[in-house]
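My request is simple: use the sequences and hints to build the entire structure.
Listed below, chain by chain, are the residues.
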Amino acid sequence: MSRKTGRGEPRGAFYIRSAMLLIALALPVFSLTVLGSIWLWQNGAVLIWAAAAFGVTILIYGLERWLLSSAMSSAEDRSPEESGGSEIDPHSDADPLWSARELEAWADVKALAESVATEQLTSRDAILELGTRTIETVARRIHPEARDPLWKFTVPEALALIERVSGQLRGFFIDSIPYGDRLTVAQALSIYRWRSAITIAEHAYDVYRIIRAIVNPLTAIGGEMREQTQRQMLENVRSAAAKRIANVYVREVGRAAIDLYSGRMQVTEKELETTVSAATRADRSALPTVAEPVRILFAGQTGAGKSSLVNALCGGVRSGIDVLPTPGGYTFHELVREGAPSALLIDAPGITLSDREITELADRAAASDLVVWVMAATRVDRETDRRALEYVRDRLHSIQNRRPPAIMFVLAHVDKLRPFKEWNPPYDLSDTENPKVASIREALAAVAEDLRTTADQIIPVSLDLERPYNVDAVWGRILERMPEAERSRLLRCLTEHPSERPRWRRLWTQAVNAGRVLTSGKYANK
Amino acid sequence: MLKSENGLLAKAWKRLSQSVKSPEAVHERSASDSAVDPRIAEQAGSLAPIVWLLGKVQSGKSSIVRALLPASEDVAVGSGFRPCTSSARIYDFPVEAPLIRFLDTRGLGETSYDPGEDLAFAESHSHLLVVVLKALDHQQDAVLKALVHVRRRHGNWPIVVAQTSLHEAYPPGMQHPDPYPFVTDDPASLASAGVPNDLIRSLAHQRRMFAALPGSGPIEFVPIDFTRPDDGFVPVHYGLARFHEVLTRVAPQALVTALTEAREDAGDPAARRARPIILGYATAAAAADVVPVAGMVAVPGVQATLLHKIAQVYDVPWDRRTYAEFAGALGGGLIARYAGGYGIRQLTKLIPVYGQTAGAAAAAAMSFATTYALGRAACAFARRRKAGGIEPAEVRQAYAIALAEALRMVKDRNFTGANGDAGK
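These protein sequences, in sequence, are chains A and B.
Residue 433 in our numbering sits at position 433 of the first sequence, with consecutive numbering throughout.
Residue 844 in our numbering sits at position 318 of the second sequence, with consecutive numbering throughout.
Simulated from the structure, these hints should not be mistaken for laboratory data.
All values derive from a computational prediction rather than experimental measurement.
Be a bit skeptical, because a hint or two may be false.
As the list claims (entries may be wrong) - Partner residues are not named here, just some residues of chain B that face chain A (Cβ under 8 angstroms, in silico):
(1) Lys582
(2) Val583
(3) Gln584
(4) Asp663
(5) His664
(6) Gln665
(7) His693
(8) Glu694
(9) Pro755
(10) Asp757
(11) Gly758
(12) Phe759
Claimed, not checked - Distance ranges between label pairs, derived from CB positions:
(13) Thr352(A) - Ser718(B): 31 to 39 angstroms
(14) Ala367(A) - Arg608(B): 42 to 50 angstroms
(15) Gln584(B) - Pro426(A): 36 to 44 angstroms
(16) Ser718(B) - Ala366(A): 29 to 37 angstroms
(17) Gln584(B) - Glu360(A): 25 to 33 angstroms
(18) Asn434(A) - Thr710(B): 22 to 30 angstroms
C-beta atoms are modelled at their ideal positions from N, C-alpha and C, and glycine is treated no differently.
Right, here's the structure in full:
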């Protein structure tokens, strides 16, 4: 008794009506295919049509192959630059600290990565097996004398290895796989399950192909050739992606395995300590004159957040942060690493418009490798910033003998924007619904207009002591804007492990991909 | 003695009946119905006290104006400001006949600010300096420089320092400390009330910045946070009670009175809107007797415009017939009796010595009181009229009550003091 009283109608009738409606809509369109075929046949143009369709498909296939292979090779070209920098020897993307034996192991890993048969990587076990094979290759090469080379490491080393590989792969997925950062595993699985539906559709299509061949053999031959080519094309794209993933996987596992078996993982903890304790305040005169340090100048008004930003960048250094203006002039934070040139983060005093102080600021800026201009989102008295910036820009433009340092902008305290009570980072700045995002975008636009720059040049951050936000994006941008030589030196200050440098280099791309900074197309592609 | 009082009353009464009955006034006014008569605005402005707001852009000046004048909520205060001197803008409340004026120094801290011109403007009025600082903003050189300039000239002028946007120092999720702890500046008790340490030190640092100012006038610090209802902080006007308390203590009496008058609640929404307007026009009427301004609008003219304005507020058509009805409802004899009895006794207390100045003051007081009472009576009339009836007794009663109220106010307003020492 599913029948409803009054205006209700039986369910069957509803389906029939829907089907009729569907037929009425679809019939005119599909009839065109049939009628067109008849017309081609009557006019004797079937062969011409089939040849033309086949020609176009072949052409596209050729183009696709060509583009795909050049994209692959450019990806290959890029990887050495990404992980090493210009100072590294021809052993592409190898670590300069590796010994000869480790370099041999690396060569093995690369050979393995090239030879992976992607068709076999269809199950979890196959992937794990590939990882094990990579590790084994490295272990045998590095400990050839050992009876059981695979177990030549400690548990903490192994844990550190897992952490590192996970981190690297995460970056790869976020950067390089379309929707890699959005697609959940559940979604991926459901796509996998739909494969069976596709198989059914394929069977149905096969039946159609047979009928077609009986009805019109000539068209069928043309169609058949075209389809085979298209299929091959799709197969190429799919295997190229699979090959790349497998390649990166083997390389990252191999790279980590080399570090693991050579015992370098042991210094992880010590390394953390030295980064922290090495950041000291030192006057310029007290600096060693051996190597000119990388210099980054932080300018901004009193209370804008310069000191907090510098401290947040130094990581964990808690001394000297104050809501009160720092007494006196320029404060230096030095990043020291044994055997590596140091970097100087120079915290300028609050900007004033007095001639003497503004001249000194401009001189300091001209002597730096990068200028970071810090503003507070909660304050709108940017006229002082504008004038000082104008002066500094003029001074930098007058530099003739080298490339003038770039100026980048940081907007601090975005957590204090309306709505005041809300602060749930991270925020995707492309989100148009969120009122906090709207406030941040508004503030960025206002600052950009006042300072004659564009909103995508400004990084919004929060410098809350407990939970700083987006400070890694500042590091990323600093590295991105640095001249090449200084960038390598700075990278060497930031991390002792060359293998970790790609991670630092990726900070900016990650911030861009997560929408934590505004981007114009120019920066998204870079 | 009684004769001169009677003469004064007679004059006031003549003006009143003129303004109510004179049909010319009706026609003259109806031409420029909604427009503000700049002469009346200037007249009222010459007596209206000034709040001089000194602070950087977006330090919270507009929200202070909004909080002090609840009746102005439907006015966009930010856009209500108009240029006044070359470096300042002014917000008149209400704009057609200001009862109180806010002088806002533009661009302070951005260009090299010379307070001379604004100082000259504010000097001639009863006024108060309110300095507005964001609690975490320590870059206040321009503000302090201006203050040094002002205090060198007028060492006894009081200063109220409003320290705003306290929430910027709060950790995420924190509410305003309740009860309001900033009645003291003792760090220990503030800390025990839950005020973040950074905020305590920041507020104290700002206090120290003012320690070196010349002059002996009191400097009062009031931490406040006036937010919007959807910002989620309770109360929205945090520290407003304390702010009023401090103003009452240090501000000139005329200013305190004007603020209190503007704040007084007056029943229905239309009455609430009409109240500051009536007070402003009453001020303009008083000015007609004491301040020599070129192109002065005499008391009947002011009162006629006021009646028009009230008709607008209540959305009642105002024509000759309505005038006649209103005049009839007021009834001549009754008012004379009220004025003769209660009014004169009040006036005798108010003016102990007669002289030239006292005569002017008494005339100003009378103009203020009758205009105010006329406005309130018109409100009562218009409310009835809108409902379709006329209740003469109610109109008369409203007039009588308002007259007594106005005479009480007059005492504090001290209209003759307008040009004199602004300190008190």
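Check each numbered hint from earlier against the structure, then list the numbers of those it violates in ascending order. 9, 15, 16 and 18
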